[in-house]
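Using the supplied hints, reconstruct the complex from the two chains, each of which is provided in its own coordinate frame.
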Amino acid sequence: MVRLITHNLLACHVKGCTSNNFPLIFQDVQIELQEAEFNPDFVTHILPRLEWGALVDAAKQVGDTSLPPERPEMMDDDLLRQLHHVLMEIHVVEGAMICPNCKHSYPISNGIPNMLLAEHEIG
Amino acid sequence: MSRPELQAPPEIYYGDSEAKKYTTSTRNQQIQADMTYRALELLNLPPGEPAFLLDIGCGSGLSGEILDEEGYVWAGVDIAPSMLEVALEREIEGDLFLQDIGQGFGFRPGSFDGAISISVLQWLLNAETSHPTSSPPHRLNRFFTTLHTALRNPSRAILQFYPTSDDQIQLLTSIAQKAGFGGGIVVDYPNSKKAKKVFLCLFVGGGGGGQQQQQLPEGLACEEDEHARFERRRETEKRRNRSGTRKALKDRDWILKKKELYRQRGKEGVPRDSKYTGRKRKAVF
Numbered sequence: 001m002v003r004l005i006t007h008n009l010l011a012c013h014v015k016g017c018t019s020n021n022f023p024l025i026f027q028d029v030q031i032e033l034q035e036a037e038f039n040p041d042f043v044t045h046i047l048p049r050l051e052w053g054a055l056v057d058a059a060k061q062v063g064d065t066s067l068p069p070e071r072p073e074m075m076d077d078d079l080l081r082q083l084h085h086v087l088m089e090i091h092v093v094e095g096a097m098i099c100p101n102c103k104h105s106y107p108i109s110n111g112i113p114n115m116l117l118a119e120h121e122i123g
Numbered sequence: 001m002s003r004p005e006l007q008a009p010p011e012i013y014y015g016d017s018e019a020k021k022y023t024t025s026t027r028n029q030q031i032q033a034d035m036t037y038r039a040l041e042l043l044n045l046p047p048g049e050p051a052f053l054l055d056i057g058c059g060s061g062l063s064g065e066i067l068d069e070e071g072y073v074w075a076g077v078d079i080a081p082s083m084l085e086v087a088l089e090r091e092i093e094g095d096l097f098l099q100d101i102g103q104g105f106g107f108r109p110g111s112f113d114g115a116i117s118i119s120v121l122q123w124l125l126n127a128e129t130s131h132p133t134s135s136p137p138h139r140l141n142r143f144f145t146t147l148h149t150a151l152r153n154p155s156r157a158i159l160q161f162y163p164t165s166d167d168q169i170q171l172l173t174s175i176a177q178k179a180g181f182g183g184g185i186v187v188d189y190p191n192s193k194k195a196k197k198v199f200l201c202l203f204v205g206g207g208g209g210g211q212q213q214q215q216l217p218e219g220l221a222c223e224e225d226e227h228a229r230f231e232r233r234r235e236t237e238k239r240r241n242r243s244g245t246r247k248a249l250k251d252r253d254w255i256l257k258k259k260e261l262y263r264q265r266g267k268e269g270v271p272r273d274s275k276y277t278g279r280k281r282k283a284v285f
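Protein sequence lines, in the order shown, are assigned to chains A and B. Numbering-wise (UniProt numbering), the first sequence opens with residue 1 and increments by one. Numbering-wise (UniProt numbering), the second sequence opens with residue 1 and increments by one.
So here's chain B without its partners, still in its complex pose (with noise of 0.2 Å):
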């Protein structure tokens, strides 16, 4: 797997071209959009009533498209001018912002009614420069409290992102738990590496919808993306193998063939044809 924030801070691996690239992508648009919706169902908001969203590193828009086509009015945030650029011309309705989440967000308290957050999270966990202020327990800190803050009470925060280890998840749960939220984390397809996606479901308060809701949903497991694919196609094939149908690779014609081939080609000593040919021999014992 690729780690793209490993290698530059996103306001400038996310530059013109990368951005556009990002975007067109059929397959991210696909990953992003399927995120996007399970990010909504974990959001639980009540049906059929207006809410204000924030997405929280919108980038080019892909969830915000979403979020407009579900009714949702949203404002986004995002650190790359590049990928804010393209989300201008895509023309999504949504509000955006160009906004350092580390630095933290200066809306007033109870502001938005639910937070979003696709693959986002994994870029506040490198430090940048060695001033105080970038280390990531202070810029996580930072965003917790401030988010925290922006939502009301009762809400939910969304946040899927990709650790490289438990101690990030550790490290994540513990400094949000400090900023005051409830909840943790939600994982889909855990025994898939590549459908595996990590939720961070955080609460405001009950985390909305009644009491029941204050538990942390369930993750996605589904049999099929437990294996990998064309799997199923192999066990068949192993199967008919073991019932006998399936006709032995090697048998009497291919000999023959082979053979014939040899011969053409001049070599010498190969055995002559007759009944026995490929046949196998009798058990010694």
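So here's chain A without its partners, still in its complex pose (with noise of 0.2 Å):
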């Protein structure tokens, strides 16, 4: 259960790939929603720590294009309403995520990410 909220914290760690590695795009994508308790406070909480782009962009790759583009000076009560479900609701179930950098494909299957590298590729 890959939700957006992890995949925007999630960058490669493939050796040697330090720059460009966030955030994984999405491929091939199944997503499953599923009802999360709303919590204003979490969400405010852990809003400085996302990268907004990031997040608007990994939406749109699972079919969702309700964010506004760039990070709004105030929060409401929608707004909030709308990114928790973003953030907490959207589960991606298959598919893969691939490093922008150095095309390091990370499987998704059955809801867990292997993130699991091959030798030569441990730092």
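Wrong hints could be hidden among the right ones.
As the list claims (entries may be wrong) - Derived list of chain B stretches under chain A, where covered just means 3 residues or more per stretch with a C-beta under 8 Å from a C-beta of chain A:
{"no.": "1", "region": "41 to 55"}
{"no.": "2", "region": "73 to 85"}
{"no.": "3", "region": "100 to 106"}
Just so you know, the hints here were simulated from the structure itself, not pulled from any lab data. Each residue gets a CB set at the ideal place from its N, CA and C atoms; glycine is no exception.
Structure below.
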């Protein structure tokens, strides 16, 4: 179950891949919607850590275009709810994540991404 | 104490059957739950605030379930696919990753408000191949440096593990220090063989929670846990013995009964019963 919140914190960790290794690009994704309890405090708490542009792009890749392209100055309740939906309720179940720099592919199967590296890729 | 980490690598040891066994054992559930609560206590997160935590070696989600209950949002990593499958069946809320922590994490800097890990680090202390990247110091170094990056400043990581020797503790703490962590080892119930638990408490920055929090939390020590079970009963029995209220085991009745038994069996030379039977002899001096 890759939620966009964790996707937004995830970069490629292959040896030597240190720049332009974020965000990972979704490929052939299947998504599942699961309702989660809305916690506005948590969303505001996590907001400073998120990369807005990456989040909007990732949301687009999984077919959700409800977020504004620029980080809004003021957060109202509707927007927080929208953000909560994008961050916590969209689960990527199948597909892959591709590093934009080294093209390493992290396959996602049954909701669990495989982050294992081969011997020569370990930093 | 069994040492599964010496038998096989974790992803092989925790196959389908072992993963089921591990998760359904109520004794194991209890131990894991206790340690998770204790780890959360040591994590010392500000009360009432939401937090995003990392569960290292989340396994089948025994600890994750508690994080869910406590209202934390979390992500978990584990190397055993069978364990993760069980976790999926149990429908926990956290995100799961199939990842070898000895290869390091790919999380962006400052992603998590804290990290916990229950009974995992001992798995990193054995080399599986002769490749340089699979030597324990290299893997530990990779683990601690990427963990340090992934945590916010200030925050804490609480890692419970079962060391086999003091050398291992030394190795872990020295590598963690090199990676930039502060903190050290907290031992709960140090005098008990069974209940003894070792926590590696690592601080990023001040460790969170104000000035006075920089010092290491105290380990738990409990009177009762220092003794074996039922020892108290044994002691009370001993006490009764001394004050003479407890009946002697081989009293007159017992002797008479035994003699009667011997006579019935036809044993020769059983002494006669008299008023002196079962009496103490006079002191000679």
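Here is how each hint holds up against the structure:
1. Counting residues of the region 41 to 55 of chain B whose CB lies closer than 8 Å to any CB of chain A gives 4, so the stated coverage by that chain holds, three being the minimum.
2. Counting residues of the region 73 to 85 of chain B whose beta-carbon sits less than 8 Å from any beta-carbon of chain A gives 7, enough to reach three: the coverage restraint holds.
3. Only residues whose C-beta sits within less than 8 Å of a C-beta in chain A count toward coverage, and the region 100 to 106 of chain B has 5 of them, enough to reach three; the restraint holds.
The structure shown violates none of the earlier numbered hints.
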